[in-house]
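A.B. asks: Listed below, chain by chain, are the residues.
Protein chains: 2
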Amino acid sequence: MNLILLASGEVDSAQTVRLSGDRARHLRDVLRVTPGQPVRIGIIDGPFGIGTVRTVGHDFVDLACTFDDGVPLRPPVDLVLAVPRPKVLRRLWAQLAAMGVGRVMLTNAARVERNYFDTHWLSSMTYEPLLIEGLQQARDTRLPVVSIHRQFRPLIEDELGTATPETLRITAHPGVGGPLGDQVRERAPQRVLLAIGPEGGWNEFEMSLLAANGFLTASMGPRTLRTDTACVAALAAVHAGLGR
Amino acid sequence: MNLILLASGEVDSAQTVRLSGDRARHLRDVLRVTPGQPVRIGIIDGPFGIGTVRTVGHDFVDLACTFDDGVPLRPPVDLVLAVPRPKVLRRLWAQLAAMGVGRVMLTNAARVERNYFDTHWLSSMTYEPLLIEGLQQARDTRLPVVSIHRQFRPLIEDELGTATPETLRITAHPGVGGPLGDQVRERAPQRVLLAIGPEGGWNEFEMSLLAANGFLTASMGPRTLRTDTACVAALAAVHAGLGR
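Residue numbers (our numbering), protein chains in the order written: chain A, 3 to 246; chain B, 3 to 246.
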């Protein structure tokens with residue numbers, strides 16, 4: 003935890019918060035805070051701030067909070083991701099939040115197995131704590147907005163809206179197109195909408211639907227990667243291409 | 003499994019191999035192979051080839067093998083990595099092999115906890131199957147060479163050998179130096195020796211020892227990443243910088 007994240011409702015009108023559970027344990031047992039010590043805090047989808055330790059109890063820590071004026075910008079990358087198998091999805095949540103994504107649109111695709119949608123790793127109760135863990139690791143307050151789409155075509159044709167020049171739409175596909183990071187760098191967009199297919203790849207229909215809706219194709223090199231590794235590698239390339 | 007890897011001793015003088023266990027199950031239950039069907043194979047640290055299915059038994063599959071003449075090159079990136087905590091190390095092995103590294107030198111550092119060296123994830127019996135899993139995912143035969151160094155200074159001063167112009171030595175450090183991928187691209191080295199520190203970072207002594215031994219410093223952007231995420235992101239940036 004490089005940042006302690008708070009829900010906006012946790013801070014009372016006197017700008018103090020009583021932490022319990024994991025966050026209190028982290029402050030007490032890992033950071034070994036003492037009264038008067040400042041710690042980095044943030045409000046989920048709100049500003050960063052400083053919490054000054056007031057009291058360290060057996061199972062709680064009280065902080066007096068001050069917050070910055072501004073709210074950090076949402077990361078300039080959104081992700082359309084074919085639902086991976088549950089074990090891979092579980093590993094992915096914290097890493098997506100840590101790498102920085104604005105929206106995560108999980109979608110069906112021909113090579114997504116139907117039972118992948120049944121996993122509890124697609125329930126917000128389960129993934130939200132993992133997203134927050136990733137934000138606390140990477141020091142960000144902006145929680146990725148997650149949506150689940152059981153039909154690929156309406157997502158790509160309607161729900162994404164009209165392609166705009168400010169947003170580069172791009173999909174990674176083995177061995178096709180120039181390197182992902184280079185393509186982002188050359189076009190210098192304000193945002194990137196990145197589509198990552200299932201481990202078996204998008205099928206022909208999906209590739210042509212993506213192309214018809216403004217998605218370019220980029221290469222991720224000669225190696226076939228597991229979805230979680232591929233997502234981290236692709237997000238690294240996109241952020242590097244955006245010069246961040 | 004996008005490739006079935008064999009140990010050289012498994013193939014008999016008639017160029018046939020009897021597979022059992024995971025590889026046989028994968029061929030029979032996932033790929034549903036039938037006699038006469040070709041499958042991609044490779045010898046660990048040897049050539050790629052084709053295995054033609056001869057017999058599919060209840061708990062074995064027999065293949066007749068032919069192999070290419072050449073052996074693929076070792077990936078042009080070597081890694082000096084401060085030993086991460088066991089849970090992270092476990093997740094890392096397959097991903098390192100999948101991303102492509104020639105050597106992995108695991109090292110002590112001031113911010114590595116002493117008990118991290120006690121984990122069974124540092125025993126080759128435990129990590130080798132994970133490395134092979136990563137190679138089978140990424141379709142490579144070159145097994146990363148792993149070594150474990152309990153002392154940082156002799157590793158950097160003596161065991162790495164003399165810095166050569168062909169190899170770019172570089173370490174990622176938050177917020178210092180130009181972006182990692184750009185620095186690799188600009189210098190166009192034949193190989194890269196990448197050093198990744200512990201989650202708390204290298205300390206001042208370690209940073210100056212690295213600098214004195216030819217390591218440049220690169221930035222990985224403003225976000226603090228968990229070691230496994232950082233390794234994948236850094237290897238993606240280096241491979242992209244090498245134009246692969």
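Worth flagging that the hints you see were computed from the coordinates, not collected in a lab.
Heads up, some of the hints might be wrong.
Pairs involving identical chains hold if they fit within one copy or between any two copies, as the list cannot separate such chains.
[As the list claims (entries may be wrong)] The list that follows gives simulated cross-link-like pairs (lysine to any residue, SDA-like), each with its CA atoms no further than 20 Å apart: (1) Lys89 - Glu168; (2) Lys89 - His28; (3) Lys89 - Met3; (4) Lys89 - Gly104; (5) Lys89 - Asp184; (6) Lys89 - Thr166.
A.B. asks: With reference to the structure, classify each hint as holding or not holding.
C.D. replies: Each hint, compared with the structure:
no.: 1; hint: Lys89 - Glu168; in the structure: neither (35 Å within a copy, 40 Å between copies)
no.: 2; hint: Lys89 - His28; in the structure: between (27 Å within a copy, 18 Å between copies)
no.: 3; hint: Lys89 - Met3; in the structure: between (23 Å within a copy, 16 Å between copies)
no.: 4; hint: Lys89 - Gly104; in the structure: neither (23 Å within a copy, 28 Å between copies)
no.: 5; hint: Lys89 - Asp184; in the structure: neither (31 Å within a copy, 34 Å between copies)
no.: 6; hint: Lys89 - Thr166; in the structure: neither (35 Å within a copy, 42 Å between copies)
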